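Let the sequences and hints guide you as you build the complete structure.
Quick note, the sequences are listed as chains F and L, same order.
The numbering of the first sequence is our numbering, which starts it at 1 and goes up by one.
The numbering of the second sequence is our numbering, which starts it at 1 and goes up by one.
No lab work stands behind these hints, which were simulated from the structure alone.
Any given hint could be a false lead.
[To be verified] Capping the alpha-carbon separation at 25 Å, the derived lysine to any residue pairs in SDA-like fashion look like this:
hint	chain 1	residue 1	chain 2	residue 2
1	F	139	L	229
2	F	121	L	264
3	L	97	F	41
4	F	139	L	96
5	F	121	L	188
6	F	221	L	38
7	F	11	L	77
[Claimed, not checked] Here are some of the chain L residues that sit facing chain F, going by a computed Cβ distance under 8 Å:
hint	residue
8	72
9	100
10	106
11	110
12	112
13	116
14	119
15	123
16	124
Quick caveat: nothing in here was measured; it's all calculated off a predicted structure.
Built from N, CA and C at the ideal position, the CB exists for glycine as well.
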Amino acid sequence: MPFVSPEIFAKQTLASIQDYSILSWRAVSNLFTRPRYMADIYTQMDYIGVGSMPIVVLTGFFTGCVLALQSATSLEAFGSVSLTGNLVALSMVKELGPVLTGLMVSGRNASGMASEIGSMKVTEQIDAMRALGTDPVRKLVTPRLYATIFMLFFLTIMSDACGIAGGALISIVLLGLNGSSYFHNSYRALQYGDVVQGLAKPLFSGFIIATVGCYFGMNTKGGTQGVGKATTQAVVISSVFIIIVDLLVTRAMIGVFGR
Amino acid sequence: MMADLAQSGSATLQQEPDSQEPIVVVDDVSIIFDVKPVLQNISFTVQRGETRIILGPAGGGKSVLMKLVNGLLKPDTGSIHVFGHNVSTMPEVDLFKLRSRIGMVFQESALFDSLSVGDNVAYRLHEDHVPEEEVHSRVVEALQFVALENTIEKFPSELSGGMRRRVSIARAIITNPDLILYDSPTGGLDPITSTTIIDLVIKQRDVTQTTSLVITHRIQDAYLLARSRFNPQTEKVEQIPNNGIDDSTKFLVLNEGKVVFDGTTEELVHSNDPWLKEYLS
Chain F
1 MPFVSPEIFA
11 KQTLASIQDY
21 SILSWRAVSN
31 LFTRPRYMAD
41 IYTQMDYIGV
51 GSMPIVVLTG
61 FFTGCVLALQ
71 SATSLEAFGS
81 VSLTGNLVAL
91 SMVKELGPVL
101 TGLMVSGRNA
111 SGMASEIGSM
121 KVTEQIDAMR
131 ALGTDPVRKL
141 VTPRLYATIF
151 MLFFLTIMSD
161 ACGIAGGALI
171 SIVLLGLNGS
181 SYFHNSYRAL
191 QYGDVVQGLA
201 KPLFSGFIIA
211 TVGCYFGMNT
221 KGGTQGVGKA
231 TTQAVVISSV
241 FIIIVDLLVT
251 RAMIGVFGR
Chain L
1 MMADLAQSGS
11 ATLQQEPDSQ
21 EPIVVVDDVS
31 IIFDVKPVLQ
41 NISFTVQRGE
51 TRIILGPAGG
61 GKSVLMKLVN
71 GLLKPDTGSI
81 HVFGHNVSTM
91 PEVDLFKLRS
101 RIGMVFQESA
111 LFDSLSVGDN
121 VAYRLHEDHV
131 PEEEVHSRVV
141 EALQFVALEN
151 TIEKFPSELS
161 GGMRRRVSIA
171 RAIITNPDLI
181 LYDSPTGGLD
191 PITSTTIIDL
201 VIKQRDVTQT
211 TSLVITHRIQ
221 DAYLLARSRF
231 NPQTEKVEQI
241 PNNGIDDSTK
251 FLVLNEGKVV
261 FDGTTEELVH
271 SNDPWLKEYL
281 S
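In structure tokens:
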């Protein structure tokens with residue numbers, strides 16, 4: 001990787017942040033003016049939402065299983081194995097469900113967006129779209145943005161449910177806990193603030209996944225190698241952003257709800 | 001057939017410029033990529049009905065000039081007026097409307113690979129919410145013009161390079177634009193396919209008298225354009241008798257980002273510029 005002077009690096013970074021901000025703003029605001037590509041939004045919802053269901057369900061389920069196993073080992077020392085349900089439910093709903101779903105969808109869809117739009121960019125299809133009188137941001141980015149935000153919300157709920165179900169399976173089959181007690185404890189552990197916190201995070205993650213994926217796609221340069229680079233950068237940056245924003249949202253929510 | 005297309009054209013910007021006013025005016029345009037000047041002080045005009053052939057060696061800035069004319073790039077200095085509108089300062093939103101009057105054939109066709117040939121050609125009509133029955137008839141008409149009506153259901157990846165280029169021409173002409181930009185329509189094609197493509201450009205020029213800019217680095221293509229005409233009786237392209245030259249065809253020769261020649265075919269052939277003589281020989 002070539003070294004550049006700090007001045008050039010700072011300028012490039014600022015220019016990238018500016019371009020990303022402009023792209024994000026245009027993607028958001030396009031929904032409020034015509035033309036709206038509703039069919040493209042539904043197509044993306046199917047691809048992003050329904051298409052990501054298997055990985056989200058599997059990840060959520062097995063995370064819940066592992067969480068139950070791990071927490072039971074620790075809780076046993078305090079004679080509180082019966083609280084496994086509380087721990088699994090709180091961990092899944094507040095943290096692991098939103099973050100893991102975000103990361104999994106990022107791996108699948110931020111890369112998909114960057115490579116698809118990047119391929120269109122290097123083969124002049126984006127320019128052709130502009131030449132044909134269509135705004136590529138409106139046609140390609142806006143549908144992906146709203147579809148990701150909308151579907152990630154429901155994918156996270158699904159992941160939370162599967163995680164709690166996975167924890168239940170382990171608790172009942174391996175730890176010998178009572179199923180009814182497990183679910184009762186899980187339900188009692190969750191408070192309004194926990195659910196709001198867990199459901200606010202996918203809104204931010206969805207925004208990050210779509211805007212970062214599309215940004216790197218729209219700025220792809222250098223042929224097929226450039227598409228590969230854009231894809232990698234999209235996944236890495238969106239994943240890191242998801243975790244950083246998760247921290248910020250968690251802190252903000254603790255400030256609001258006190259837990 | 002193309003007359004029908006002409007009647008069904010969908011020009012969004014309604015204000016018609018004065019018929020005497022040039023369609024394209026490029027005035028002292030320069031553009032630099034990184035630190036390399038790609039175009040330097042380019043000036044020329046294209047009149048209504050004129051076919052302007054932009055000739056020059058590869059890497060001379062021809063494609064960049066084409067993208068500047070369509071507003072896909074902005075010049076660093078100078079101005080470009082298309083249909084009287086300054087595209088170098090125009091907001092992108094207004095450019096989208098203006099571009100409904102401009103057809104563009106890209107160097108590598110730039111067909112949407114996830115759409116069928118029919119959907120590619122119909123793209124602009126779908127954007128304009130034209131009724132589906134009319135869309136189908138106009139797509140078939142445009143594909144008949146390029147002799148590819150049997151490929152309507154196929155995808156671009158199933159077509160040869162020449163066929164893709166012809167589909168690209170069909171996509172550019174379907175709304176009967178007032179200006180067509182051909183960016184190296186014969187680039188990378190074999191001589192026989194290149195002749196087929198040039199024949200289509202000539203046919204389009206002579207049937208609809210559409211103003212056009214044609215980039216090429218093949219001198220034989222340029223001469224073919226200047227010395228041929230479309231015969232509506234035989235429906236074939238033929239050489240203009242008595243070594244005649246098409247009056248509406250003019251040349252702009254670029255080399256290393258600068259205009260080397262701007263004038264008629266006659267003036268080009270008789271030019272005494274040493275570089276031009278060597279290039280044309």
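Here's how the hints hold up against the structure:
no. : hint          : in the structure
1   : 139/F x 229/L : 40 Å, violated
2   : 121/F x 264/L : 37 Å, violated
3   : 97/L x 41/F   : 24 Å, holds
4   : 139/F x 96/L  : 13 Å, holds
5   : 121/F x 188/L : 20 Å, holds
6   : 221/F x 38/L  : 18 Å, holds
7   : 11/F x 77/L   : 23 Å, holds
8   : 72            : 5 Å, holds
9   : 100           : 5 Å, holds
10  : 106           : 5 Å, holds
11  : 110           : 4 Å, holds
12  : 112           : 6 Å, holds
13  : 116           : 15 Å, violated
14  : 119           : 12 Å, violated
15  : 123           : 6 Å, holds
16  : 124           : 5 Å, holds
The structure does not agree with the numbered hints 1, 2, 13 and 14 stated previously, though it agrees with the rest.
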